[in-house]
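Visitor: Assemble chain U onto chain V, guided by the hints.
The chain contents come next:
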Amino acid sequence: MKKLLALIHARNLEFYRDRSALVWTLLFPFIVLAGFTYGYSGKKEALLNIRASGPGLTESSLIKKFRSTPGMDFQITTDEPAAIKKLSRYETDLVLKADESGKKFTYSLNPDSDRGKLAERLLQAAVEADSNPRAELVMVEVTGHKIRYADWLLPGLLAMNIMFGSMFGVGYVIVRYRKNGVLKRLRATPLSAFQFLLAQVVSRMTLMVATATLVVGGAMVMIGFHPANGVAGTIIDLLLFLAVSSAAMISVGLVVAAQISSEEVADGVLNLMTWPMIFLSGIWFSLDGASPWVIRISRMMPLTHVVKGLRAILIDGAHFSDLMPEVGILLVITAVLVTIGSALFKWR
Amino acid sequence: MEIIVRMETVLETRALIKRYSDLTAVDGLDLRISEGACFGLLGPNGAGKTTTLEMIEGILPPTSGEILYRGEKIGRKFSEEIGIQFQSTALPDFLRVHEVLKLFSAFYQKHMSLNELKDLCDLGDFWNRDASKLSGGQRQRVLLALALVNDPSLVFLDEPTTGLDPQARRRFWELVGLIRKRGKTIVLTTHYMEEAYELCDSIAIMNHGKIIAEGTPNDLLKQHFHGISIRLPKGGGFNLTPDNVKGAEVFDRGEAFEVLTEDPNTTLQRLIDLGIPLKEVQIRSRNLEDLFLKLTGKGFHHEEASRADPRA
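Note that the protein sequences, when read in sequence, are chains V and U.
Heads up, the first sequence is in numbering that gives the first Met the number 0, so the first residue is 0 and it goes up one at a time.
Heads up, the second sequence is in numbering that gives the first Met the number 0, so the first residue is 0 and it goes up one at a time.
The shape of chain V in the complex, shown without the other chains:
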């Protein structure tokens, strides 16, 4: 225990004194967040996202015309509540429901979304242009608290920060220690490999949880972010999930660092692993419309589950206990990778 505490303390000091890493870890999320808050103008892949359900949909000539609008991503769904939820998060612009006759349509939109209103105009125009008898249109406003893109993005950025801090912070540092002989020197002491690795994990977990919590606090001050359950209702769930998340990401770093003794190689491998996760784990945009193979790859990435869980806690107000699939997956990833990492670990 004394060995462990001494090592954790030493590692914490190292992190704190490595100014560039400290500044970067704290500043990076804010820089990106600011960029997206003021600069991001929406998703690029489709101009409008429409989700529709109901039996009379396929028959209707008016729908055929509506869905052929250029730039429109029109998808038929059976899960209307999920589509409504996406509406409130700007992940979709309009949700349409047709009755059996195909002559009555109920549509929902987010009153804060300009794109939703644009979709509404197009729908109204399609109805007016349609032959008699004219279809009936009923509008339902989706209410609930407003979520801006920046709010939605924050959990993704937190996840990315955890990924970089964990994988590089543990992976790269162990490789450097191996290269410059620090590991060899430690090997000559009574310290065991397990104690050494555990200290790295605990030290980095503490730092990641602390910095992520600070970033959420900073986002509340800076861009007026509000966790769905308020600060008091979120903090415990957030801390727990951050701990599980950073443990999983650190264990990826441990496997990378188990044998490599060149910093350049470690750097390459870590970049190779992090960049696909940045694009395919749903940090920047929802992967709902993506092709099935992208979704399949995405599910294999630990970061996807981190993003999902953080978003559920911060945006949807989920509790830690509601996140069992994500937490379970992350814990399994941690257990498997830590085992592999310690088995492969080389002091030199």
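Don't read these hints as lab results, they were simulated from the structure.
These numbers were taken from a predicted model, which means no experiment stands behind them.
The C-beta atom is built at its ideal place from N, Cα and C for all residues, glycine as well.
Take the hints with a grain of salt, since some may be wrong.
Taking lysine-lysine and the DSS-like style, the derived pairs with C-alpha atoms no more than 27 angstroms apart in a straight line are [stated by the list, open to error]:
no., chain 1, residue 1, chain 2, residue 2
1, U, K233, U, K293
2, V, K178, U, K101
3, U, K117, V, K1
4, U, K109, V, K2
5, V, K1, V, K345
6, U, K76, U, K180
7, V, K2, U, K117
8, U, K101, U, K117
9, U, K72, U, K209
10, U, K72, V, K183
11, U, K109, V, K183
12, U, K180, U, K109
13, V, K2, U, K76
According to the in silico footprint, chain U covers these stretches of chain V (three or more CB under 8 angstroms from chain U) [said to hold, decoys possible]:
no., segment
14, 172–183
15, 186–195
Cβ-Cβ distance ranges computed for the label pairs, FRET-style [unchecked claim]:
no., chain 1, residue 1, chain 2, residue 2, range
16, V, R347, U, H225, 58 to 66 angstroms
17, U, R75, V, K84, 51 to 59 angstroms
18, V, W274, U, N127, 35 to 43 angstroms
19, V, R347, U, D118, 30 to 38 angstroms
20, U, R18, V, I234, 53 to 61 angstroms
21, U, R18, V, L3, 36 to 44 angstroms
Guide: Same frame as chain V, now just chain U:
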């Protein structure tokens, strides 16, 4: 306080072998190191010194053979008993000297107090300095202090003064003397024969993974050399051949001739008779450096190399 070397063997290796796929780095080593002694392991680069040390330290697994500490095979507990100064070690980044020592002393059950280490290794001037910002001599003293944090009975120093200036080296030797007075056994590798002569009670010279000579420095010198060396720089327009200096050996060393003789009076008289200018003559007895070159053949003089190398 006098240094007492007792006869009990503290460390022993039996038929120690380390083989890599295409190379036998250590080839059947039998060593005995007495309690309280300073044992020097000498040899050219690649002779297997560091490999031997690292096997004894428990860092490198031997291919075969045994390592005994006080008559028992070394195990995990052995690391509590020893202190190691590696040839090249980085210290953890961003830690100060006293923080590094504190960290390492936490790893051991037994330890020397930090203040004692500070005084013993003379670390007071840079106690609060970042460990990565030390001079070579200061750094070596910190590494020595690290080797001593657990108050070990056996201290391994792997080329501890390589790269140090002569003054820093002298200072380091004094430190080693202090440590010996505390009754610690020291195992040292070095390139500097002067260092071995100064510090070691007994030495072993290694080459190609084998011990080729072993004993006290003076015994080894007596055993291998008789007489003295007379060095005559060229440039006086004279020439020397083995024939014109009877009873002595003559070597062409490039810039100078070297005459080896057991009877310096006669030989010098003969050189005077030949009319050779003795203005720049250097006369010295043979030292460990000569012995090292003679035995390992790793010198700058090819003829001596081919003459001395037992494999040639």
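Visitor: Are the Cα atoms of U:K117 and V:K1 separated by 27 angstroms or less?
Guide: With a Cα-Cα distance of about 22 angstroms, the restraint between U:K117 and V:K1 holds, given a limit of 27 angstroms.
Visitor: Holds or violated: V:K2 and U:K117, Cα atoms, limit 27 angstroms.
Guide: holds, 21 angstroms
Visitor: Are 3 or more residues of the segment 172–183 of chain V near chain U, judged by a Cβ distance of less than 8 angstroms?
Guide: Check passed, 5 qualifying residues.
Visitor: Can you confirm whether the C-alpha distance between U:K180 and U:K109 stays at or below 27 angstroms?
Guide: Holds, at about 19 angstroms.
Visitor: Can you let me know if the beta-carbon spacing of U:R75 and V:K84 is within 51 to 59 angstroms?
Guide: This hint holds: roughly 57 angstroms between Cβ atoms.
Visitor: Verify the coverage statement for the segment 186–195 of chain V against chain U, using a C-beta to C-beta distance below 8 angstroms and requiring 3 or more qualifying residues.
Guide: holds (count 5)
Visitor: Between U:K233 and U:K293, does the CA-CA distance stay at or below 27 angstroms?
Guide: Holds - the C-alpha atoms of U:K293 and U:K233 are around 23 angstroms apart, at most 27 angstroms.
Visitor: Verify the proposed pairing of U:K76 with U:K180, using a straight-line Cα cut of 27 angstroms.
Guide: Holds, at roughly 25 angstroms.
Visitor: Take a quick look at whether U:K101 and U:K117 sit within 27 angstroms of each other, Cα to Cα.
Guide: holds, 12 angstroms
Visitor: Can the restraint linking V:K1 and V:K345 be considered satisfied, given a maximum Cα separation of 27 angstroms?
Guide: holds, 24 angstroms
Visitor: Just to be careful, I want the Cα atoms of V:K2 and U:K76 compared with a cutoff of 27 angstroms; is the pair within it?
Guide: This hinted pair holds, its Cα atoms lying about 16 angstroms apart.
Visitor: Assess, step by step, whether the Cα of U:K109 is no farther than 27 angstroms from the Cα of V:K2, and give holds or violated.
Guide: This hinted pair holds, its Cα atoms lying about 13 angstroms apart.
Hint violations for this structure: number 16 only, all remaining hints satisfied.
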